[in-house]
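Put the complex together from the two separate chains, hints included.
Okay, here's what each chain looks like letter by letter:
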Amino acid sequence: QQQVKQSPQSLIVQKGGISIINCAYENTAFDYFPWYQQFPGKGPALLIAIRPDVSEKKEGRFTISFNKSAKQFSLHIMDSQPGDSATYFCAAVVSGGSYIPTFGRGTSLIVHP
Amino acid sequence: DAGVIQSPRHEVTEMGQEVTLRCKPISGHDYLFWYRQTMMRGLELLIYFNNNVPIDDSGMPEDRFSAKMPNASFSTLKIQPSEPRDSAVYFCASRSSGTGRGYTFGSGTRLTVV
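Protein chains in written order, with this note's numbering: chain L, 129 to 241; chain F, 8 to 121.
These are calculated hints, taken from the structure and not from any lab test. For each residue, glycine too, the CB sits at the ideal point set by N, CA and C. Some hints could be false.
[Unchecked claim] Calculated from the model, a selection of chain L residues having no Cβ within reach of chain F, i.e. all distances over 12 Å: (1) Val141; (2) Gln142; (3) Ile148; (4) Gln166; (5) Lys170; (6) Ala177; (7) Lys185; (8) Asp207; (9) Gln209; (10) Ser213; (11) Pro229; (12) Phe231; (13) Gly234; (14) Val239; (15) Pro241.
[Said to hold, decoys possible] The following label-pair restraints were derived from C-beta to C-beta distances: (16) Glu154(L) - Glu51(F): 16 to 22 Å; (17) Lys85(F) - Ile148(L): 22 to 28 Å; (18) Ser103(F) - Gly211(L): 26 to 32 Å; (19) Asn150(L) - Gly10(F): 27 to 33 Å; (20) Asn150(L) - Arg16(F): 43 to 49 Å.
Pulled out of the complex, with its shape left as it was, chain F reads as follows (with noise of 0.2 Å):
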């Protein structure tokens, strides 16, 4: 098992462009969850899907941010357009319902907007 895979690990881009940040969920698992951590915030949940249909997408800060889930193995999060205070790690997680209640991350993805 891989674990969680995203992509890129880091990721430089100038304010006003189209950023989209990529995720394999660990293979069975039904819950997949996007966090950002900051410093200043710590780690907030922006958005989950259940079976690949978006549950709840209140912490997603603004509507330049987007996210999909086209199928159980795939999950994009897409900012458009960036700005510096979009300067953050993004992970991704992936849970089982059936497995108890502890998450797997991925190893995140590092955004600068410059």
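Isolated chain L, as found in the complex (with noise of 0.2 Å):
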């Protein structure tokens, strides 16, 4: 049971470009989403999160937008950067408790120079 569907699987933006990847979820008991960015060899990293009392959070060229009613949310990246290539995974959480994360399956994105 896949309880956070996240696409594309794959995503190539040129340098300059706008990456955009979308996730939804079905459990309505989600109240926190982050994005963990994954570069070769690394572990997952938090690189931003939105609560859904918000439908946008953004920190420099990294916005998230949210869409409570729809039960999506999605990563923008403006103005791609090729050190910006890595995996990005969407996750959503129930607070209290662990606060464990389900993930998404990730998105590999390349961004040409």
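Written as structure tokens, this is what we have:
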């Protein structure tokens, strides 16, 4: 049972373009939505996160858009750079207890120079 | 802070052998998690500990897998006997219950069973 569906599986973008990764969830108890960035040979690292009481959160070139009614959220990377090439995981968390994320399957992003 | 430290970084072993993966969490973190990452299944939670006590091991795939946390600064994941389908990257992550919801992952151990 895949509780968080992530798409696309892979994405190729030119330098300076916008990268968009989408996620959808089913469990309405989720109340925290982090994104993780993973470079080759490294573990995932927390990139940016949002709570459902806001529709958008921006940190530098990275923006999360959140649509509570549609149960969807997305990561936008503006002015994509080759250094952004990595695997991105969305996740959803039910607050309380151990805050264990339910991860999406991941998106492999390649930004061509 | 050296982060979450995992060893070894790479392990190649023959089918049937015992494999032990090691993890040192961040000092002060009271939660420790073991994950397995494969192309087919993505990131899978195997087991997690709170204050050195195993809380949920429902993700451990078979009895061949076992994990221990003898103290707050050390955990092991053991596979005995290992099989080729165990080949994956195994991550350890830790988190503090008092500092928010983000995990810190180690760099992983890439296990290859031939």
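Hints, one by one, checked against the model:
1. For valine 141(L), the requirement that its beta carbon stay farther than 12 Å from each beta carbon of chain F is met, with the minimum near 21 Å.
2. Residue placement check: glutamine 142(L) keeps its beta carbon more than 12 Å from all beta carbons of chain F (closest about 26 Å).
3. Every CB of chain F lies more than 12 Å from the CB of isoleucine 148(L), the least distance being 20 Å, so the non-interface label holds.
4. Chain F draws glutamine 166(L) into its interface by the beta-carbon criterion, the shortest separation being 8 Å against a cut-off of 12 Å.
5. Against the 12 Å criterion, lysine 170(L) falls within the reach of chain F, whose nearest CB is about 5 Å from its own CB.
6. Consistency note on alanine 177(L): stated as away from chain F, yet its beta-carbon is not over 12 Å from all of that chain's, at 7 Å minimum.
7. At roughly 14 Å from the closest C-beta of chain F, the C-beta of lysine 185(L) stays outside 12 Å, upholding its exclusion from the interface.
8. For aspartate 207(L), the condition that its CB be more than 12 Å from all CB atoms of chain F holds, with the nearest at approximately 25 Å.
9. For glutamine 209(L), the shortest C-beta to C-beta distance to chain F comes to about 23 Å, beyond the 12 Å cut-off, and the non-interface label holds.
10. Listed as a non-interface residue, serine 213(L) keeps its Cβ farther than 12 Å from every Cβ of chain F; the least gap is roughly 18 Å.
11. The claim that proline 229(L) lies off the interface is violated: its Cβ sits roughly 7 Å from the closest Cβ of chain F, which falls inside the 12 Å cut-off.
12. Interface exclusion of phenylalanine 231(L) from chain F breaks down, the closest Cβ pair being 5 Å apart, not more than 12 Å.
13. Not every C-beta of chain F lies more than 12 Å from that of glycine 234(L), the closest at about 6 Å, which undercuts listing it as non-interface.
14. With 12 Å as the threshold on Cβ separation, the claim that valine 239(L) sits away from chain F holds: the shortest Cβ distance comes to roughly 21 Å.
15. For proline 241(L), the requirement that its beta carbon stay farther than 12 Å from each beta carbon of chain F is met, with the minimum near 26 Å.
16. Separated by about 19 Å at the C-beta atoms, glutamate 154(L) and glutamate 51(F) satisfy the suggested range of 16 to 22 Å.
17. With their beta carbons about 42 Å apart, lysine 85(F) and isoleucine 148(L) fall outside the hinted range of 22 to 28 Å.
18. In this structure the supplied range 26 to 32 Å holds for serine 103(F) paired with glycine 211(L), their Cβ-Cβ distance being about 29 Å.
19. Taking 27 to 33 Å as the suggested C-beta distance range, the pair asparagine 150(L) and glycine 10(F) conforms, at roughly 30 Å.
20. Between asparagine 150(L) and arginine 16(F) the C-beta distance comes to about 33 Å, which lies outside the given range of 43 to 49 Å.
The structure does not agree with the numbered hints 4, 5, 6, 11, 12, 13, 17 and 20 stated previously, though it agrees with the rest.
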